[in-house]
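J.: Each chain is listed here by its residues.
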Amino acid sequence: MKLNKSNKGRQFRRMIRTVIALITIMPIVAFMYLFTNVKNEMPTETVLTSAIIIFIGWVVMLDMLLLHMLKLHVKSQAAIEKMQEKGMLEEPNIKSGVESLESVFTTLTTKVKESFEGLKEMSAQIDTLNGELAKKMNALVTIMHIHEIYTQGRHEEEIFVFIIDKLKEMLKLTKVELILENGQKQFVPFLSGNKEDAIQNPFADSDINFISELNKTATNDNNGHDRSLEFLCRYMKVNNCFVVPLLLRDNMVGFLAGGNCLENFSFSKDDISLINILSKNIVLLWEHKKLSHAVAGLEIYDPLTTLYNRKYILNRLDEEIKRAVLYQRPCGLLMLEISNLEEIKKSSGAIAVEKLLKEIATTFKDTLRPIDISARVEENHMAAILIEHNRRQCQVTVKKVQEALNKRFENSVHKITFRYAVGETPIDGRSADELIAFASTHLKNIC
Amino acid sequence: MLKRNKLPKPLGEILVDKGIITKDQLNTALEKQAEQGGLIGEVIVALGFATEEAIAQCLAHQFGFAFLPLENYEISKETLALVSLNVTEHYCLIPLDKIGNSLTIAMANPLNTEAIEDLEDITSLEIQVFVSTSTDIRNAIKKYYGQ
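Protein sequences, first through last, are from chains H and S.
Residue numbering for the first sequence follows numbering that gives the first Met the number 0, starting at 0 and increasing by one per position.
Residue numbering for the second sequence follows numbering that gives the first Met the number 0, starting at 0 and increasing by one per position.
Watch out, some of these pointers could steer you wrong.
[Said to hold, decoys possible] Residues on chain S that point at chain H, a partial pick, calculated with CB under 8 Å:
no.: 1; residue: Glu30
no.: 2; residue: Glu34
no.: 3; residue: Gln35
no.: 4; residue: Gly36
no.: 5; residue: Gly37
no.: 6; residue: Leu38
no.: 7; residue: Asn85
no.: 8; residue: Val86
no.: 9; residue: His89
no.: 10; residue: Cys91
no.: 11; residue: Asn111
no.: 12; residue: Ile121
no.: 13; residue: Tyr143
These are calculated hints, taken from the structure and not from any lab test.
Where a beta carbon is used, it is the ideal one built from N, C-alpha and C, also for glycine.
Modelling step: build the complete structure from the supplied sequences, incorporating the hints.
T.: Here it is as structure tokens:
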């Protein structure tokens, strides 16, 4: 190290001397140039004086420069010595560097391994979360689908079947039973399209009471064995089961139960939530079904034609027949059939048929007397009670209706064919059903 | 002789005009009819203001029909078969005899033209009407139709 240091000092000094020598030559060169080129034009004294001034100035400047450089050199030498004393300029230990690199590499490898394990764990957790998310999405889609098919006007029983199938699929159940009250305080299994095979009243009153007293979903699975649910497991022939009462304003209208035979199976919280949501949907649909039936019983108009419906005309016809009997008067019934309605539906579509039915109904009603009662009794049948009309008078009315319909539809794109029939109390029947049946079997084309 | 005309005035007023019942009795009968329904002739009889026979004879005389008591009248099965029990009970009439193209009937209300038209349609015969009381006709129906 010291050798290197002295060599560097000598080289530096040699370089300084060379620079000084070169710099010293420059004013002499300048003087020689002036002396040879400018001496004829300028006095020799002036030239010499200028050369001396230049030389002296040059020497002063050089002296200052050299002094400054020497100072810098001394400072740098001192700094180097200090660094040497602190060992900062010692050569690195390659062996220890390799060792430390190896240890760093080992540490990094360990860290990477740890991170990889962490990633694997995270991936497993993400898979689980994805599974749960998919399950929840499936539940959500199921609920949305239930509402969709409900708004499509599907039959409630069809939706019940859909819910049962979905529960089986989503909770891996082999058996799901929907038990509903049948209107006679009996709880019977709901079996779509196979009601005759249903076991009537398969549960004891004590079982029903037990379920009705449950205020939440009860389970019998790997998480807990509830002996009180054993009757359900036996009924469904499963090892794990759940049951939830279907409560409508604190009254049990049925219950939903299901199960499977899987080992180490337990119902998760999400499963219970799904069961609760679907059971509530079932209750809503059940209530809707009951209300729909009640409303249907109250309806008196056919929604399409605004004529009265079949139920209403049957009631009114019975009343009119009673009145006719009391006052010894006839009571007529006119029936009109649109014979080719189905063909028109196939060729022109349901909307065209609906429009046609409305027009026929309007013409039919307008042709009758205001006291006569007109109704749509079937898809393509309309009827009217012709009050105090006997058969002969009914035939006159048929002619009027026929003329009105022919006139109304003479330029129609649809070639409609009508058939007519009349019936009369007392000749053709003494009740509404008899009269309607008679008219339905005596429909004729009238030209 | 059949006259297919509607009553020129209600039966109750005819009975008042003929002096069979009084105006007050008619009003009472009309009130009763409004409450309970039924034919005015039957209501007047039920209230005891007149007899069935008196009303039947009044109607017959007023509109030119013959009055026929049915007590001792015999009806053949062939004649009975022409009109169903439903029709006889409903219109309170009974077929009496078929002579040629003509069917004789007895009915309580000879002005019920719809009933006569129905009989014409059912039997394809010309209908000759006699007047009788409701009670006689119902008894005859029971007797001959086995009711």
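J.: For which of the previously enumerated hints does the structure constitute a violation, in increasing order of number?
T.: Violated: hints 1, 2, 3 and 13.
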